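Trainee: Using the hints, position chain B against chain A.
These protein sequence lines are chains A and B, in that order.
Position one of the first sequence corresponds to residue 0 (numbering that gives the first Met the number 0), numbered consecutively onward.
Position one of the second sequence corresponds to residue 0 (numbering that gives the first Met the number 0), numbered consecutively onward.
In short, the hints are calculated from the structure, not lab data.
A quick note: this is a predicted structure, and the numbers were derived from the prediction, not measured.
Do not take every clue at face value.
Repeated chains share a single entry, so a pair holds when one copy, or any two copies, can fit it.
Cross-link-like lysine to any residue pairs, in silico, SDA-like; alpha carbons within 25 Å at most [to be verified]: (1) K378 with G167; (2) K4 with E316; (3) K179 with G11; (4) K265 with F230; (5) K48 with D283; (6) K145 with Q297; (7) K148 with N26; (8) K287 with E184; (9) K287 with S266; (10) K265 with I231; (11) K409 with Q372; (12) K1 with G209; (13) K265 with N168; (14) K30 with G209; (15) K287 with L176; (16) K328 with N26; (17) K215 with S263; (18) K378 with S404; (19) K30 with I330; (20) K118 with P213.
Protein chains: 2
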Amino acid sequence: MKTLKVGICGWGNVATGMFNAIESNNNYITKAGVDINIACIGARRDNPKCNPGATPIFRDIFDIPEQDIDVVVELIGGVEVARELILKSIRAGKHVITANKAVIFNHGDEIFAEANKNKVKVLFEAAVCAGTPIVKMLKEELAPNKIKKISGMLNGTSNFILSNMEEGNEFDDTLELAQKEGYAEPDPSFDIEGVDAAHKIGLLSSIAYGSSLPPKDFYIEGITKIDKKDFIYAEMLGYTIKHLAISEDNEDKIELRAHPALVSKKSYLANLKGVRNGIEVDTDLIGKIHIAGSGAGQESTASGLISDIIHLANSNEDILNVVSSINQKPIKDFGEFSFQYYFFIEAEDNPGVMASITTRLAEESIGIESMVQKDELGKNIVPIILITDIFKEDKLEGIKDKILSLDTIKNLRTIRIESTD
Amino acid sequence: MKTLKVGICGWGNVATGMFNAIESNNNYITKAGVDINIACIGARRDNPKCNPGATPIFRDIFDIPEQDIDVVVELIGGVEVARELILKSIRAGKHVITANKAVIFNHGDEIFAEANKNKVKVLFEAAVCAGTPIVKMLKEELAPNKIKKISGMLNGTSNFILSNMEEGNEFDDTLELAQKEGYAEPDPSFDIEGVDAAHKIGLLSSIAYGSSLPPKDFYIEGITKIDKKDFIYAEMLGYTIKHLAISEDNEDKIELRAHPALVSKKSYLANLKGVRNGIEVDTDLIGKIHIAGSGAGQESTASGLISDIIHLANSNEDILNVVSSINQKPIKDFGEFSFQYYFFIEAEDNPGVMASITTRLAEESIGIESMVQKDELGKNIVPIILITDIFKEDKLEGIKDKILSLDTIKNLRTIRIESTD
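Bound conformation, chain A alone (with noise of 0.2 Å):
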C-alpha cells in the first residue's frame, strides 16, 4: 500500500464530489494499493455543501504546493491562473492531476516540459469525457498500435441537444431543456460553438500523434447552424448528424478539426445519443475500439481524478510524461481538406432551378451524387437537398456564393459528410 499525500486547489463541485468519493469508495481505492490522504485544500471560501473535516483549508491556493504533499489536484478552472499554480507546482517537485482541458489545450507543451524538467507527472484523465477511461487507454493499453483515427462526440451537450433535434425538436427549446437538466452551462457558448470538443481533441491529438499544445489553429464549428429540418432530410437519405472531434494520423500532416457532419445512421457513432460522450479509435492492430461513458458531472469527473491519483501510485517514477511529439507533423489546413457535402436550398419552385444548380456545380467539376426536390414550403419555395461527390474543402465558399448569387436562390446551408464504414 501507498500512501499519497494530496492538496486539492479549488473547492467547487469537483473538488468536493473527489472529496466525498474518497471517503465513500475508500475500500475500492485500498484495493488498487493507495491510501489517499487529503492534506490540504486551498479555497478562498469555505463550500457549504461539504464539510472537510479536519483537513486544513488555505486562502491563497498558491500556499497549497509549499506543503508537504505528493501531488497537487488543481480544479481552479479558467486558464492563466490554473497555469501559475501548475507551474508553481511542478516547480515545487509536486506531481499535479488536473480536469481543466482548457489549461492543458494551451499550455500543455510549456507544462509538460516543466514537469519532465522537474522529474514529475503531469495527468488529465478527467480532463476529457470526466471518468470515462480514455487518456489512460491512448497512453498504455493502445499504446503497441498505430492510432490511425480518433473520432468523438466528446461534448455531452452538444450530444444531447441533436439527440433531441433529430426527435424532432428545436435548437432553442432544446438548449432551454439542456440547462435545466444541467448538461449545459448558463453561458452554453464553449459547448454549442465546439470549443470544448476542441478542446478535448486537441488533447487526444496530442497523446496519440505528439501534436503541440496549443495545437496550430484548426477548424472548429458548433451546432448552432443546424436546423431541425436538416435530420429529416439527412433520414430520408441514411444519415443523422453528430458534432464530431476527429483527428487522424495521414501521411505527412496531422488532421484536426471539430464541427458537426452528416454520418451514416448505420455506424457506431450515430447510435449514441444523449448526453453521453462516445469515442471511435481505429487502430492497426486491434480495428477499431468504441468506448461511451459519461463526459461530465461530478462523480465521473472524481473518478477519472482518483483514478489518476491511483496511477501515480501504481506507476514507475522514471517514466515522465511522454506527451510531447516522437514525429511532429504539421496539422493539415482545412482548406485541404476534401468531403462530400450535403446542400441544403431554398429555391423559387419554377421548371429551371434545378438546372441551374447542377449547371452551376458542374462548371466547378463538381458532381451530384443524389438530389431530392421536395414540395412542402409553399409560397413556391421548395426545398432542395443535394448530397454532392467529394471534393476539396477550399472550393466550398466560391461554390456557395456562385449557387446564393442565382436570382431564384433564397437560402442555402451545407453540412460535410464524415466517411464511416
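Mentor: Only chain B this time, still in chain A's reference frame:
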C-alpha cells in the same frame, strides 16, 4: 526508456503475431517508454511463417525461465503444462504475461499467491477480449468505483452466430460460415457451449469482486438450443437474443453466470453485432461504461500482450497482484436467481390449450406479462409464446415438466430475459 528482456514460450499464431508486431510497431512502443528485447523463444519446432532471426530458440520451453530475462510470455495454451511453466517462471523471479484464460481461470489463486510471494507480476490483458482493453481498465481506470455489474458478450463466435441467426439463418449454416471465416474452431464446443465466455467473466469477476480462481461452480449454458424462430418471436416482443456473461455484486453474494438471454432491442448489448466483443460495466461514480472491440485474432491479441509489457515497464515494482479478494463473498446459487422467462410452446390447436397452460402457471403463482399464439406450423400444431412475470430459477424445471405433462403440449423451450434499462 526502460529495456525489458522477454522470453516467449510457444511459437504459434499468437506468438509470431506478437513478435511481428513488436518489430513493425516498435516506434509506438518506444514512445510509450519501453524497449522490448525478445531474448529467447521456447518452441518444440520452428514456425515456417516466421523467422525469428538471431533470437535463439530453445526446444524445451522449461529452459526459458532459466534465461537472463525479465518476463516470460506464456503462449503455449492448455492448462496443466502452462500452469507448471508459469509457476516455474514465477519461482525463477520472472514476471509472467499470458493470453491463456483457461490456466488463469483454473489456477489463478495459486498463481497470484505464488507471484506475490516471489514479488513478480502476472498480467493477462490478452486473456479477455484480446487487445480490447478491459482487464487493466477494471484494475486501474475504474478502480475508484464500486463496480455494480459487468455484462458482456465475451465470445465472438457466439455473437457472430446469433447475429447471423437474427438475420434469418439456421444455426448449423451459421456455424459452418463461422468456421469458414476463421471465427470458430474446427471443434467449436468451448465457444458455443459457453465455456470460453464463462472463463472470461470468471477472470473479470475476480478482478472486480475478488471471487476466487477457480470460482465455485456457476451456471454455464451455450447457444446450441436457440432456434432461429426464437429471434422472430423475440423481435415481436421487443427483444433480441444474445449470449451474456454476467457478474454482479449484490448485498451478500457475487452473481456469476453465462447463458443466452433475451435483451431489449433498445439496449446497448442488443446493438452489438457480429464477431466483436462488447462489455457494459455499471459503476457508481461514472455510471455505465461501454467498450467494444475485437475479441480474438493474432494482431489484437498481440496488442493486449504488448500493452502488458508496457504496463510492466511503467508500473511501480512494489505494487503486486491485486487479484485476491478484500471481501470474499460466496457465489450465489443459480437456483436463487429470479428472471422473467420467454416460453416457446408447441401445442395442439384446440380451444382449451391456452387455459390449460395458464392454469398450470397460476398453480405455481406465476403471472404472465404477454402471450401470443401464432398460426403457422400447420398440422393442427400452433406455437404459443409467453413472457412470464419474474419467478425464481429453482422453480423453472418443475414448471416445464408440468406443462410438458399435458397431452396437448408437444414441445417447450425457455430462454431467460435479462432486464436492462
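Trainee: All the hints need checking, so say for each whether the structure fits it.
Mentor: A quick look at each hint next to the structure:
1. K378 with G167: Answer is within: at 23 Å inside a copy they meet the 25 Å cutoff, but 48 Å across does not.
2. K4 with E316: Classified as both: same-chain Cα gap 16 Å, cross-chain 20 Å, threshold 25 Å.
3. K179 with G11: within (20 Å within a copy, 58 Å between copies)
4. K265 with F230: Both. Shortest intra-copy (15 Å) and inter-copy (21 Å) distances satisfy the 25 Å Cα cut-off.
5. K48 with D283: Between copies only: 20 Å across chains, 48 Å inside a chain, cut-off 25 Å.
6. K145 with Q297: between (33 Å within a copy, 16 Å between copies)
7. K148 with N26: This pair counts as between: shortest inter-copy Cα distance 17 Å, intra-copy 38 Å.
8. K287 with E184: between (33 Å within a copy, 23 Å between copies)
9. K287 with S266: Both, since 12 Å and 21 Å are each at most 25 Å.
10. K265 with I231: Both ways: K265 and I231 sit 16 Å apart in one copy and 21 Å across, limit 25 Å.
11. K409 with Q372: within (15 Å within a copy, 57 Å between copies)
12. K1 with G209: between (31 Å within a copy, 20 Å between copies)
13. K265 with N168: both (22 Å within a copy, 21 Å between copies)
14. K30 with G209: between (34 Å within a copy, 10 Å between copies)
15. K287 with L176: between (34 Å within a copy, 23 Å between copies)
16. K328 with N26: between (45 Å within a copy, 15 Å between copies)
17. K215 with S263: neither (30 Å within a copy, 46 Å between copies)
18. K378 with S404: within (21 Å within a copy, 71 Å between copies)
19. K30 with I330: between (43 Å within a copy, 20 Å between copies)
20. K118 with P213: within (22 Å within a copy, 42 Å between copies)
When held up to the earlier numbered hints, the structure conflicts with hint 17 and nothing else.
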